[in-house]
Amino acid sequence: MADLGLFGPGTVTWRVHAEPILFVGGLRSLYLQALHPRAMAGVAQNSHYKNDPWGRLVRTSIYVATAVYGTTAEAQEAGRRLRALHARMRARDPFTGEVFRIDEPDLLRWVHVAEVESFITTARQAGVPLTDAEVDTYYDEQRRVAELAGLDPATVPASAAEVAAYYESMQPELRVTRDSAEALVFLTAPPVPWKLNPAVRLGLELGGPRLLYLGVASTALGLLPTWARRLYGGFGLPIEGFTAGLSARALRTALAALPSRYVQGPIYQGAMARAAAAQT
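For the record, in the sequence shown the residue sitting at position 82 is 82 according to full-length UniProt numbering, with numbers rising by one throughout.
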């Protein structure tokens, strides 16, 4: 029988992650994750995201796609590599000076919840039809991904209500640090890959692609929870979220018009082929 991995055709996870608009959710999650001082310090002190932002984005996207659409063995191997990488990393708390492990459960849980909540919220705001029960199912399913990263699934929020309660409990710890402020600026206006032809670079810096990306970044920021927008210095007004939701819907419509080869990667295509084979 075909190995459909951790999920499969009948799961909410497969349906949600088939939506190209989730790349906006991925960016939203980075803005959100950066509000945790320790989590952001861990990234700033251990990664080279400023030197290779696009490479890091590709690697993260491949990991998520493998966890969702890869075979069971592929997902487990991706998780093993991630856990081994995190186990070697340490960082220094920007306020206390304490050295801590990157794979502390509290940090892993924050990153996981911020990511999956960003994915499902962005999907809903962009017009993906999801009932409240399906949202809860998505959170419950995603505990399998949390386990890959090294978390005990029983300690991970498994419903929208549990996620809301978790965010409320975390807010006293969240703030904008120097690292998170730098990440905000960097994520909103990342550099164009330096290897491009100088003329192409200039065109990207000054032309439509740069403006398009700024629109995507502003949409991701606008989709943040009200309290997160306020931490970043925004007013947190409902109209901000409403406007971002309209932008997300427009982006989803535009992406739906693109040929499938531009929005469906090889990992997704492999999963669809295995699912089709399982039905024959």
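These are calculated hints, taken from the structure and not from any lab test. In this text the structure is predicted, and so the values were computed from the model without any measurement. Honestly, I wouldn't trust all of these hints.
[To be verified] Okay, the calculated beta carbon distance ranges per label pair: (1) A161 x R210: 39 to 45 Å; (2) M272 x F186: 31 to 37 Å; (3) R90 x Q279: 29 to 35 Å; (4) P53 x P259: 23 to 29 Å; (5) D52 x L211: 36 to 42 Å; (6) L211 x R261: 36 to 42 Å; (7) D52 x R230: 30 to 36 Å.
Cβ atoms here follow ideal geometry from the backbone N, Cα and C, with glycine treated the same way.
Structure-based check of each hint:
1. A161 x R210: 39 to 45 Å: holds, 40 Å
2. M272 x F186: 31 to 37 Å: For F186 against M272, whose Cβ atoms are near 35 Å apart, the range 31 to 37 Å holds.
3. R90 x Q279: 29 to 35 Å: violated, 48 Å
4. P53 x P259: 23 to 29 Å: Cβ of P53 to Cβ of P259: about 26 Å, so the range 23 to 29 Å holds.
5. D52 x L211: 36 to 42 Å: Hint violated: Cβ distance 24 Å, outside 36 to 42 Å.
6. L211 x R261: 36 to 42 Å: At 25 Å between Cβs, range violated.
7. D52 x R230: 30 to 36 Å: Between D52 and R230, where Cβ atoms are some 32 Å apart, the hint holds.
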